[in-house]
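Each number in this note's numbering corresponds to the 1-based position in the sequence shown with 9 added.
It is possible that some hints are incorrect.
Stated by the list, open to error - Cut-off 30 Å, straight-line C-alpha distance, at most; resulting in silico cross-link-like pairs (DSSO-like, lysine-lysine): (1) K347 with K302; (2) K32 with K302; (3) K262 with K305; (4) K383 with K287; (5) K321 with K141; (6) K141 with K32; (7) K418 with K431; (8) K99 with K287; (9) K287 with K302; (10) K287 with K305; (11) K287 with K347; (12) K321 with K305; (13) K262 with K418; (14) K347 with K305; (15) K305 with K418; (16) K99 with K32; (17) K347 with K321.
Claimed, not checked - What follows is a set of in silico ranges between Cβ atoms, one per label pair, in the way DEER data are often shown: (18) A406 with G128: 26 to 32 Å; (19) A142 with M119: 30 to 36 Å; (20) A121 with V345: 39 to 45 Å; (21) I104 with R422: 28 to 34 Å; (22) I323 with A142: 37 to 43 Å; (23) R173 with A121: 46 to 52 Å; (24) S363 with G235: 35 to 41 Å.
No wet-lab data here; the hints were simulated from the structure.
Virtual Cβ for every residue (Gly too), placed ideally from N, Cα, C.
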Amino acid sequence: MSTKDEHTQEREAPSAVGARWTKRELGRYESDDRVVQTLVIIGGVHGNEPAGLLAAQRVLDVLEQEQPTGFDGRLVVLGGNLPALNSDDKNARYIDYDLNRIFVDEQIAMPADTSIEHGQMQELLAALRAIKARSDRMIVMDLHTTSSDAPPVAVFEDSIIARRFARQMPLPMYLGFEEELSGLVIDRVTNELGSVAIVIEGGQHNDPSSVDVHEAAIWAGLHAAGILRVDAIVHETAPGDLLRSAVGGQAYKVFDIRHRQPIVHEDFEICSGIFAGKVIRQDASVIAIEDGKEIKSPVRGRVFLPNMQTRKRIGDDGFFIVRHIDEGWLGFSARVRKQEWIHWIIAHLPGVYSIDDGGHGSLFVDRDIAGVLKRQVFHLLGYRLIRHDQRDGGHGAMRVWNGIASFCKAFFRGPIPGGPDKDDPRFWIVRRHHLDRVDHLDR
């Protein structure tokens with residue numbers, strides 16, 4: 010495994026390697042034919058991000074050459090958007106639709122010939138379902154790179170079991186993406202297949218070291234999954250050391266997504282001086298110019314994934330704003346989520362209604378109450394926001410007063426007979442994280 014050193018500039022950028030990706034399954038390595046734990050690596054979900062597949066090929070080659078003892082499980086590597094990967098345009102993220110935004114029920118129900126990406130989605134989902142059917146446990150790592158210069162990060166839906174897996178890699182962790190973006194591959198894997206799924210952003214698209222980072226992440230993932238100890242292979246640089254070096258002092262820090270800015274006009278440019286991690290002020294810092302107009306962030310925090318793509322498309326992500334979460338908050342959250350009596354109380358509060366959704370644990374919450382509780386409290390308790398707005402319940406004493414007033418109003422108003430209509434905008438919809446709920450049922 011290479012490190013980012015003085016020879017980095019002499020190595021080829023991932024997009025310049027010239028590989029042709031012709032098969033959905035790039036390869037696999039397994040101990041035997043038993044039903045076992047499986048680590049699935051997905052690379053190239055975006056056409057201009059081949060680094061994950063190049064890294065996975067390295068790992069497969071080493072495993073075939075070394076035949077390490079103690080390998081107990083299965084490693085499978087799947088290609089994402091093959092036509093986009095093989096496009097003559099090396100900046101092409103996708104052909105018709107962003108593959109990483111269409112893994113939702115209504116899109117999955119469409120014919121495979123609806124678009125290039127619909128066909129790719131059907132093939133990829135079929136492969137994942139087949140692997141899951143042959144595995145006691147499946148973990149999925151979806152490997153990406155970024156258009157901006159940024160350190161590697163791990164992104165996942167915030168369940169306790171996913172935290173445990175991700176924390177075995179010395180990477181900063183980002184939570185809440187699924188609330189701002191629908192149709193993610195990892196969201197489908199988590200909520201349909203019941204598997205831990207994690208995105209690794211390995212660095213900038215054409216930085217050769219992004220392949221090294223992804224390779225290190227795969228070795229660390231095999232170790233975290235209990236398939237192969239990381240020291241079973243002699244590495245030029247220990248995977249953990251390489252990842253720590255790549256992220257600097259950001260290892261194990263946790264951030265929460267607070268805002269996504271979509272692109273609504275193709276004339277969109279990130280301002281000079283804006284970079285990943287830059288601290289910005291609410292309604293003050295100008296982050297981008299779109300169609301000649303300044304775009305400021307509606308929330309304070311740090312810039313994440315500013316869009317530096319050569320070609321911008323309407324609907325793409327312009328940038329995200331994230332905020333740091335204290336470690337103590339996470340530990341408290343893990344303890345609170347396991348207390349089923351707390352979830353029972355929440356479901357029976359004034360202004361809160363349980364939804365008959367097949368046991369998924371969804372709730373309608375009066376938006377005035379939800380605005381007081383805020384997304385932080387829902388996240389603490391293990392709920393993801395399915396539908397919400399930017400309502401602000403105030404701060405300090407005002408927030409307490411607004412909370413008391415909102416609960417009293419809901420109490421004296423009484424319950425709505427039959428519950429709210431599912432399209433009633435006066436209610437947020439929140440849902441317990443699937444893997445937390447399944448973990449509780451399995452205990």
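Non-conforming hints, listed in increasing numerical order: 1, 2, 5, 11, 13, 14, 15, 17, 18, 19, 21 and 23
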